[in-house]
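> When we follow my numbering, the leftmost residue of the sequence shown carries the number 1, and every step to the right adds one.
FYI, nobody ran anything at the bench for these hints, they're computed from the structure. Predicted, not measured: the structure shown is a model, and the values here were computed from it. Note that the Cβ used here is the ideal one computed from N, Cα and C, for glycine as well. Watch out, some of these pointers could steer you wrong.
Unchecked claim - Computed spacing ranges between beta-carbons, pair by pair:
no. : residue 1 : residue 2 : range
1   : Gly78     : Leu20     : 36 to 44 Å
2   : Val18     : Gly38     : 18 to 26 Å
3   : Asn23     : Arg70     : 14 to 22 Å
4   : Leu22     : Lys57     : 31 to 39 Å
5   : Leu3      : Arg70     : 32 to 40 Å
6   : Gly7      : Gly78     : 20 to 28 Å
7   : Arg21     : Arg44     : 18 to 26 Å
8   : Arg59     : Ser24     : 32 to 40 Å
9   : Ala76     : Leu22     : 16 to 24 Å
10  : Arg70     : Val18     : 29 to 37 Å
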Amino acid sequence: EYLAMRGVLVLLKMYGKVRLRLNSQLTITGFLPTMYDGRTIHSRQVLNELQERFGGKYRIFDHIINRSVRFAEAAAAGEPIFTYAKGVPGALAYRALAQEILSDGTGRKRG
(Lines of atoms letter the chains of each structure in order from A and count residues from 1; the text may use other names and numbers.)
(Lines give C-alpha, C1' and ligand atoms only; values in the text may rest on other atoms or scores of the structure.)
Protein backbone atom coordinates (compact mmCIF):
# COMPACT_ATOMS: atom_id res chain seq x y z
CA GLU A 1 0.00 0.00 0.00
CA TYR A 2 1.10 3.54 -0.68
CA LEU A 3 0.77 4.60 2.97
CA ALA A 4 2.96 1.69 3.98
CA MET A 5 5.66 3.07 1.68
CA ARG A 6 5.46 6.35 3.57
CA GLY A 7 5.76 4.32 6.76
CA VAL A 8 9.02 2.84 5.48
CA LEU A 9 10.46 6.35 5.26
CA VAL A 10 9.39 7.09 8.85
CA LEU A 11 10.86 3.76 9.97
CA LEU A 12 14.19 4.50 8.28
CA LYS A 13 14.35 7.94 9.87
CA MET A 14 13.74 6.42 13.32
CA TYR A 15 16.24 3.65 12.58
CA GLY A 16 18.90 6.27 11.86
CA LYS A 17 18.18 8.06 15.13
CA VAL A 18 18.31 4.85 17.17
CA ARG A 19 21.60 3.83 15.55
CA LEU A 20 23.08 7.25 16.23
CA ARG A 21 21.88 7.66 19.82
CA LEU A 22 21.30 4.22 21.31
CA ASN A 23 22.63 1.27 19.35
CA SER A 24 25.20 1.69 16.61
CA GLN A 25 25.08 -2.08 15.99
CA LEU A 26 21.38 -2.10 15.06
CA THR A 27 20.74 -3.50 11.59
CA ILE A 28 17.77 -4.05 9.32
CA THR A 29 17.55 -7.66 8.17
CA GLY A 30 15.29 -6.73 5.27
CA PHE A 31 11.91 -5.53 4.14
CA LEU A 32 8.98 -7.92 3.89
CA PRO A 33 6.23 -6.91 1.48
CA THR A 34 2.86 -7.83 3.01
CA MET A 35 -0.80 -7.42 2.08
CA TYR A 36 0.26 -7.85 -1.54
CA ASP A 37 -2.37 -8.48 -4.22
CA GLY A 38 -0.66 -9.17 -7.53
CA ARG A 39 -3.97 -8.76 -9.35
CA THR A 40 -3.90 -5.01 -8.75
CA ILE A 41 -1.75 -2.49 -10.56
CA HIS A 42 -1.36 -0.56 -7.31
CA SER A 43 0.24 -3.49 -5.46
CA ARG A 44 2.60 -4.16 -8.34
CA GLN A 45 3.58 -0.49 -8.53
CA VAL A 46 4.23 -0.21 -4.80
CA LEU A 47 6.34 -3.39 -4.79
CA ASN A 48 8.30 -2.10 -7.78
CA GLU A 49 8.87 1.24 -6.04
CA LEU A 50 10.04 -0.54 -2.88
CA GLN A 51 12.53 -2.58 -4.90
CA GLU A 52 13.77 0.42 -6.88
CA ARG A 53 14.11 2.80 -3.92
CA PHE A 54 15.47 0.45 -1.30
CA GLY A 55 16.57 -2.78 -3.00
CA GLY A 56 20.08 -1.49 -3.63
CA LYS A 57 20.71 -0.79 0.04
CA TYR A 58 18.41 -3.18 1.89
CA ARG A 59 17.33 -6.74 1.32
CA ILE A 60 13.82 -7.14 -0.04
CA PHE A 61 12.74 -10.64 0.89
CA ASP A 62 11.87 -12.98 -1.96
CA HIS A 63 8.83 -14.31 -0.15
CA ILE A 64 5.95 -11.87 -0.32
CA ILE A 65 2.94 -12.20 1.97
CA ASN A 66 -0.23 -11.93 -0.10
CA ARG A 67 -3.41 -10.32 1.18
CA SER A 68 -5.73 -12.93 2.67
CA VAL A 69 -8.90 -12.81 4.72
CA ARG A 70 -7.50 -15.75 6.71
CA PHE A 71 -5.14 -13.40 8.58
CA ALA A 72 -8.06 -11.27 9.80
CA GLU A 73 -10.04 -14.39 10.70
CA ALA A 74 -7.11 -15.81 12.68
CA ALA A 75 -6.68 -12.51 14.55
CA ALA A 76 -10.41 -12.38 15.33
CA ALA A 77 -10.23 -15.96 16.61
CA GLY A 78 -7.21 -15.06 18.76
CA GLU A 79 -5.07 -17.67 17.05
CA PRO A 80 -1.84 -17.53 15.09
CA ILE A 81 -2.26 -18.23 11.39
CA PHE A 82 -0.20 -21.40 11.85
CA THR A 83 -2.85 -22.99 14.05
CA TYR A 84 -5.92 -21.34 12.52
CA ALA A 85 -5.19 -22.22 8.90
CA LYS A 86 -1.69 -23.65 8.63
CA GLY A 87 -2.08 -24.80 5.03
CA VAL A 88 -3.16 -21.49 3.50
CA PRO A 89 -0.72 -19.71 1.17
CA GLY A 90 -0.08 -16.91 3.70
CA ALA A 91 1.02 -19.31 6.42
CA LEU A 92 3.16 -21.22 3.96
CA ALA A 93 4.73 -17.94 2.81
CA TYR A 94 5.67 -17.07 6.39
CA ARG A 95 7.25 -20.50 6.83
CA ALA A 96 9.19 -20.02 3.59
CA LEU A 97 10.29 -16.59 4.81
CA ALA A 98 11.64 -18.13 8.01
CA GLN A 99 13.67 -20.57 5.92
CA GLU A 100 14.90 -17.70 3.74
CA ILE A 101 16.09 -15.78 6.80
CA LEU A 102 17.74 -18.84 8.32
CA SER A 103 19.47 -19.90 5.11
CA ASP A 104 22.74 -18.52 3.82
CA GLY A 105 21.28 -17.85 0.37
CA THR A 106 21.90 -21.38 -0.86
CA GLY A 107 18.95 -22.96 0.91
CA ARG A 108 21.20 -24.37 3.62
CA LYS A 109 20.73 -23.26 7.22
CA ARG A 110 23.32 -20.92 8.66
CA GLY A 111 25.39 -21.84 11.67
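> What hint numbers does the structure not satisfy?
2, 3, 4, 5, 7, 8, 9
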